[in-house]
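**Student:** With chain A held as given, fit chain B onto it using these hints.
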Amino acid sequence: MTDVSPVHTQADKPASPVKPNPIISFEGVTKRFGKTIAVDDVTLQIQEGEFFALLGPSGCGKTTLLRMLAGFETPSEGRILIDGRDIAALPPNKRPVNMVFQSYAVFPHMKVADNVAYGLKMDGAPAAEIKTRVAEALELVKLGGLGERMPDQLSGGQRQRVALARALVKRPRVLLLDEPLSALDAKLRDQMRSELTSLQEKVGITFIMVTHDQDEALAIATRCAVMNRGVLAQVATPADLYEFPNSRFVADFVGSVNMFEGVLEKDEPNQAVVRCTELAAPVYLDHGVTGARGSTVWVALRPEKIEMHKRNGGEALKMEDAPAGANVVAGVIRDIVYLGSETNFEVELEGGRRVKTFRSNLTRYDQEDFTWDEPVWLAWHACSPAVLLS
Amino acid sequence: MAKQALPAATAAVTERPAPREKPGPLEYMRRWPLQLMVGLTLLFLYLPLITLMAFSFNDSRRNIVWQGFTLKYYEKALANESLIQAFVNSLTIAFLCTIVSVILGALAAVMLWRFRFPGKTALEGTLALPIVVPEICLGVAMLVFFARVMPWPTGLPWPFNLGAITIAHISFAFPFVATVVRARLASFNRELEEAAKDLGASEWRTFWDVLVPHMRPGLIAGALLAFTLSLDDFVITFFTSGPDTITFPVKVYSMLRFSVTPEVNAASTILIVVTVVLTAIGLQLQNQKPKEDKA
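Residue numbers (the working numbering), protein chains in the order written: chain A, 340 to 729; chain B, 181 to 475.
Keep in mind that the hints were calculated from the coordinates and are not lab data.
Careful, some of the hints might be misleading.
[Claimed, not checked] For lysine to aspartate or glutamate, the following EDC-like pairs were computed, each having C-alpha atoms within a straight-line distance of at most 16 Å:
no.: 1; chain 1: A; residue 1: Lys695; chain 2: A; residue 2: Asp591
no.: 2; chain 1: A; residue 1: Lys433; chain 2: B; residue 2: Glu207
no.: 3; chain 1: A; residue 1: Lys541; chain 2: A; residue 2: Glu475
no.: 4; chain 1: A; residue 1: Lys649; chain 2: A; residue 2: Glu713
no.: 5; chain 1: A; residue 1: Lys649; chain 2: A; residue 2: Asp708
no.: 6; chain 1: A; residue 1: Lys433; chain 2: B; residue 2: Glu261
[Unchecked claim] Derived CB-CB ranges, DEER-like:
no.: 7; chain 1: A; residue 1: Lys470; chain 2: B; residue 2: Val312; range: 49 to 55 Å
no.: 8; chain 1: A; residue 1: Leu429; chain 2: B; residue 2: Gly305; range: 38 to 44 Å
no.: 9; chain 1: B; residue 1: Asn467; chain 2: A; residue 2: Glu685; range: 54 to 60 Å
Keep in mind the model is a prediction, meaning the values are calculated, not measured.
Yeah, the Cβ is synthetic: ideal placement off N, Cα and C, and Gly gets one too.
Bound-form chain A, shown alone:
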């Protein structure tokens, strides 16, 4: 299991035109269960040392992808390479990957230390080495001294640490995490988030996490792949995923968004205009989009990027980075949700369309004091909307 070095050096060669040593690559991987296609022609490379997240709604195929990597499913088509080596022929117990299961799957009839030692025992490691490595692993996940406990004497969070230690003690090339935080309560989840990232930095192993929780993925991962119905929708860093989604699905799935269908009216290298039926004003952009004029596009506007101003009859607001009349619409506040750190407003536009906008509560007393049924202007900067072609 540790003897992967020859393959590793081969993968290190600069022969690959893309990026250096992708530790894992999926090449056209497809998985069918009967007639349903769980994973559809996925090609993906994961680099050494990444904390990679597979993100998507339930049933999108992300778990199947992970299970194929672990060896619990076999691809119907395509290849999976670890360190440049095709692992199709390897059963789960021979793969240089280890998994932390969603239910943690801590063996209930074994003491914590025996749980952690199990993998090493299977590898036939000498007893003395097992002992020191188990102690190290338990220390690493902050469970030192609990080795003699039975799993039913531990809390959920501690059981997860046992599962982590049990997988990490084998020093895998890749650690797989299946929905690692979904079973924890909110406070513990936040704590484990940061612990997972620091753990990954400490051990330097590539982590791949499956999650349906976009907050979790954005918070932890260095790079995410968003999946939808078995297909990779977008692979990007968390910030790119949020600010530069490539499709309506990604924009909608990651974070909160206002989506407007429109027609691309003008598309030049340094400016573009989209006219949306639901928006009274044209959407002006300070950059070009690569679409044909007259084609249908979608404008995605994040709620926190919409400014709100009081509308007291007077003249229409003018955004400094857009022509007069563009990027400003009139509306009436219909709903207010106070969340402490911010307040969410729902504003009804003239056509009846409702738009979400978030305002940070910067001071303890809101000077503007927005209230229900108040007429307001909604405005946004020319660089804020994302124009989506699909």
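**Tutor:** Structure of chain B alone, referenced to chain A:
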């Protein structure tokens, strides 16, 4: 002072309520109708057994009226060679039947739980057949089977002469084991199995290290079932036993044909004690926290 303000609420949550307190709304066991019901049920269940045990000490041949305490029928029963032989036969058959039934039943349960194959539903149904078919029919079937289809050779030395009965017992005991173990397997978390493999265990190691420990309570319960079913079976045994392969229940039956002597009571009492002790051991094993052996 603040504590005294709500005496009812605090008393209700303490473990031992004050003696003269009224029973709470859900404390049925502290009301007389249920107490009476429980008493009557226990009486109904155990009075016959207690009578049987008490009269095994009765100093009377007829065993109808209490004449005085004696242990002589225990001596007599223990000196009755054919009775002892029947007793040993019964225990031997029960042990063999338990071991084979547990192995067969566990394997059948794992197969039905683990794999999907054509005819699985049918097999699951037929497996339960020996449980639902009237014992008398099974008995006759066994008789015909061992007479016509596969005659068990006669005149074999002990314990091989018990083969036919043992096979008959296994055939109706192992479906019980399979059913119990199958039910236990339903609660198995498949991720445990995958975790073991993920950590480097082979199929075989996974089976022993993860699946068998999970099945343990089912295996013990199944073993207890198989043992008691075999030990006290009369009908099927009656049809499959020969003159030199008498089991305890069959022997007791033949003794009863002459008269109900305290000797029969004494023998039955011994059997009850043996069964109760074995069951207690079994339950003890079931409740015990398994300790992982040091590697």
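**Student:** Run every hint past the structure and note whether it holds.
**Tutor:** Hints, one by one, checked against the model:
| no. | hint | result |
| --- | --- | --- |
| 1 | A:Lys695 x A:Asp591 | holds (13 Å) |
| 2 | A:Lys433 x B:Glu207 | violated (58 Å) |
| 3 | A:Lys541 x A:Glu475 | holds (13 Å) |
| 4 | A:Lys649 x A:Glu713 | holds (8 Å) |
| 5 | A:Lys649 x A:Asp708 | holds (10 Å) |
| 6 | A:Lys433 x B:Glu261 | violated (62 Å) |
| 7 | A:Lys470 x B:Val312: 49 to 55 Å | holds (54 Å) |
| 8 | A:Leu429 x B:Gly305: 38 to 44 Å | holds (39 Å) |
| 9 | B:Asn467 x A:Glu685: 54 to 60 Å | holds (58 Å) |
Violation of the numbered hints given earlier is confined to hints 2 and 6; the remaining hints are satisfied by the structure.
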